[in-house]
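Here the protein sequences come in this chain order: A and B. Each residue of the first sequence is one higher than the one before, counting from 1011 in our numbering. Each residue of the second sequence is one higher than the one before, counting from 1011 in our numbering.
No lab work stands behind these hints, which were simulated from the structure alone. Wrong hints could be hidden among the right ones.
No copy is singled out in the list; a pair is fine if it fits within one copy or between any two copies.
Derived pair list, reagent style BS3-like, types lysine-lysine, alpha-carbon separation capped at 27 Å [what the hints assert, rightly or not]:
no.: 1; residue 1: Lys1095; residue 2: Lys1116
no.: 2; residue 1: Lys1117; residue 2: Lys1098
no.: 3; residue 1: Lys1263; residue 2: Lys1098
no.: 4; residue 1: Lys1117; residue 2: Lys1095
no.: 5; residue 1: Lys1323; residue 2: Lys1098
no.: 6; residue 1: Lys1323; residue 2: Lys1263
no.: 7; residue 1: Lys1012; residue 2: Lys1058
no.: 8; residue 1: Lys1035; residue 2: Lys1117
no.: 9; residue 1: Lys1263; residue 2: Lys1058
no.: 10; residue 1: Lys1263; residue 2: Lys1095
no.: 11; residue 1: Lys1012; residue 2: Lys1117
no.: 12; residue 1: Lys1035; residue 2: Lys1098
no.: 13; residue 1: Lys1295; residue 2: Lys1030
no.: 14; residue 1: Lys1012; residue 2: Lys1323
no.: 15; residue 1: Lys1012; residue 2: Lys1039
no.: 16; residue 1: Lys1313; residue 2: Lys1117
no.: 17; residue 1: Lys1035; residue 2: Lys1263
no.: 18; residue 1: Lys1116; residue 2: Lys1304
no.: 19; residue 1: Lys1012; residue 2: Lys1116
no.: 20; residue 1: Lys1098; residue 2: Lys1030
Remember, it's a predicted structure, so these values are computed and weren't measured experimentally.
Number of protein chains: 2
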Amino acid sequence: MKRVLVAGGAGFIGSHMCDKLLLRKDVSKLVVVDNLWTGRAENLAHIKDPRLHFVRSDVETLQTSDTFDEIYHFASPASPPWYMKEPKRTISANLLGAFRLLDLLKKGGRFCFTSSSEVYGDPLVSPQPESYKGQVDCTGPRSSYDESKRCTESLLFELQRTQGLDVRVVRPFNCYGPRTRPDDGRAVSNFITQALTGRSITVFGDGLQSRSWGYVDDITEGFARYFWMNETDYRGPLNVGNDREISVLDVAKYVSSLMGGVPIVFKPSPPQDPTNRRPDLTNAKYVMPEWSCKVSYEEGVAKTLDWFRAELKPRAPKASAIGARSPRQRKPMQLSGFSSL
Amino acid sequence: MKRVLVAGGAGFIGSHMCDKLLLRKDVSKLVVVDNLWTGRAENLAHIKDPRLHFVRSDVETLQTSDTFDEIYHFASPASPPWYMKEPKRTISANLLGAFRLLDLLKKGGRFCFTSSSEVYGDPLVSPQPESYKGQVDCTGPRSSYDESKRCTESLLFELQRTQGLDVRVVRPFNCYGPRTRPDDGRAVSNFITQALTGRSITVFGDGLQSRSWGYVDDITEGFARYFWMNETDYRGPLNVGNDREISVLDVAKYVSSLMGGVPIVFKPSPPQDPTNRRPDLTNAKYVMPEWSCKVSYEEGVAKTLDWFRAELKPRAPKASAIGARSPRQRKPMQLSGFSSL
């Protein structure tokens, strides 16, 4: 039986992974550590499983004498307005978080980390294979996220090389879906919450920047396969994403069409917004040949819209209700949101 | 009057910077923190100045209630065999070190950090301007150094952006000179110690990889100008190096010639050894127009040879004496050394 720790388990991706972990019969205890900075207690509220234990704490200062067979490190904001506002805290969550979590791993245990396609920065090759070294400005306003993901990867792969640490690192590409914060600030959730609250849809830049939109069920299915389901000799970081590349503007137009033609307005681009992003899935197909993204963006966006409609229902459909869903969370930030992120 | 902390002040570059700081009349106290991992107490032994206080400690766990007007963060191994052997410790020294040091900085104080030209990885442009985003493999065997420098830069520049932190970051290019450890493992010191101890000079690869060899007096003079001497509105990272690019083999041949024709042997390249490295000094000339590298590699190598000759004299000229100079230091690592680093 396995004792499992999930850092950031109340977050968007983290909570979906908790659902998957609790389907396993060999998990005896699942400890979630989350400071509810960008995570939300509601994301776990549906779970009645007695194996789940929630600890509200920063991961980097977690106090516990427990050790774990498997550790999943999802603790980080993932949306630019959030990490650009608190860069030091972002680096701390990722990297100091990893240092702390390594102390809690049993000898021979497995350490799984959610890195990001942001390690590629604004890529000069497309699609991006894992071997692409990226183009990140390590002094720029997005660097706290990009560089703390890169440096945490370095820490883990160097421990793999020097000490044989059992490491699994995934690099997700633009994941969206239910349990995204309404005030998350990234494109799909922004478009949907704007449309649902009677506002225009805001596109930053010309909207022609492309992304590979991965519906959360597809992405987390890929994570689970690499993290624990599939046996593999592949030891590198693994791209997990949808390789159908769609422009931000196309998504905005689609959300608009679902809501009866909400107007689209354009605002200036945020700094260093990548122009393109698309995963090379060669290694993913090798590691998990049975896996592929099954949810089209049209279907995924429609499902996400349904979820947000229910999520936003209990309150009046006003912008002021957004971000005030959880009484336990920090005071929500006032975010303008970057719709192309 | 300024209270100053130098992390890594017993190291190669750090100790030279302590000499320069103690020339200042406005420094009332200079605290050196060093764990003597790659630093050596001998590097400070010549200083009799009562303002100097030495604390032997890892920087990331430094215990003190003092705060400082200026903090200089030089704490990191800089030679590949050292950081490749202890990558976790290397990341910790740089990044967790920076977190700890930031706690000790007085409000309005200045934080100076020695990054590295290694942030450029194996560069695809030459010379490298500070704006070049680099080509670093964040999962590779050199990544602990490269990525911890990059991530620490990110931390500091993001604090500059969000909180107005007064930051000065330099990126030195291949510095060499007196006070390099005999077992440092990089090219100039390796060639010299090999020649002085009756061994062949080892060149890794074909030796045609180029470097910009900066003599320590020139490099630290540039640091001092950017860190405290010159007023400037330039707020970015600053390349400091010698832009005369010389191959590793040429340096080996020159050392050989100084020692009467020591044989040169070739060994396979270390992993991911950069093929070239040369600073674009446009910004350096803007910040400090009066500065330039004045010491040619011929002169600098000869001076370094003299220093090593004296340094190695007290013991018999045997390889076993190298690295055992300081009774206070950790057991020296057995290093083969990478002569092209």
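Note to self: With identical chains, the pair lysine 1012 and lysine 1117 could be close in the same copy or across copies; at 27 Å between alpha carbons, which is it: within, between, both, or neither?
What the structure shows: Result: close within a single copy only, 13 Å intra versus 47 Å inter.
Item checked: 27 Å Cα threshold - placement of lysine 1263 relative to lysine 1035 -> neither (43 Å within a copy, 66 Å between copies)
Next item on the list: Classify it for me, lysine 1263 with lysine 1095: is the Cα-Cα distance of at most 27 Å met within a copy, between copies, both or neither?
Entry: neither (29 Å within a copy, 53 Å between copies)
Notebook entry, point to check: Under a CA distance limit of 27 Å, which applies to lysine 1012 and lysine 1116: within one copy, between copies, both, or neither?
Noted result: Intra 11 Å, inter 47 Å, cutoff 27 Å: intra-copy only.
Margin query: As a check of your reading, is lysine 1323 near lysine 1263 (CA-CA no more than 27 Å) within one copy, between copies, both or neither?
Written below: within (23 Å within a copy, 77 Å between copies)
Next item on the list: Measure nothing new, just compare the shortest in-copy and cross-copy C-alpha distances for lysine 1098 and lysine 1030 to 27 Å and report within, between, both or neither.
Entry: neither (31 Å within a copy, 31 Å between copies)
Check: For lysine 1095 vs lysine 1116, is the C-alpha pair at or below 27 Å within one copy, between two copies, both, or neither?
Finding: between (35 Å within a copy, 22 Å between copies)
Margin query: Cα distance capped at 27 Å. Does lysine 1313 pair with lysine 1117 within a copy, between copies, both, or neither?
Written below: neither (42 Å within a copy, 49 Å between copies)
Checklist line | Homo-oligomer pair classification [lysine 1098, lysine 1117; C-alpha up to 27 Å] | finding: between (30 Å within a copy, 17 Å between copies)
Next item on the list: Classify it for me, lysine 1035 with lysine 1098: is the Cα-Cα distance of at most 27 Å met within a copy, between copies, both or neither?
Entry: For lysine 1035 and lysine 1098, neither the intra-copy (38 Å) nor the inter-copy (34 Å) Cα distance is at most 27 Å.
Margin query: Reference check for the pair lysine 1116 and lysine 1304, CA-CA at most 27 Å: within, between, both, or neither?
Written below: neither (36 Å within a copy, 54 Å between copies)
Next item on the list: Classify it for me, lysine 1117 with lysine 1095: is the Cα-Cα distance of at most 27 Å met within a copy, between copies, both or neither?
Entry: between (37 Å within a copy, 20 Å between copies)
In terms of the numbered hints stated before, the structure departs from hints 3, 5, 9, 10, 12, 14, 16, 17, 18 and 20, listed from lowest to highest.
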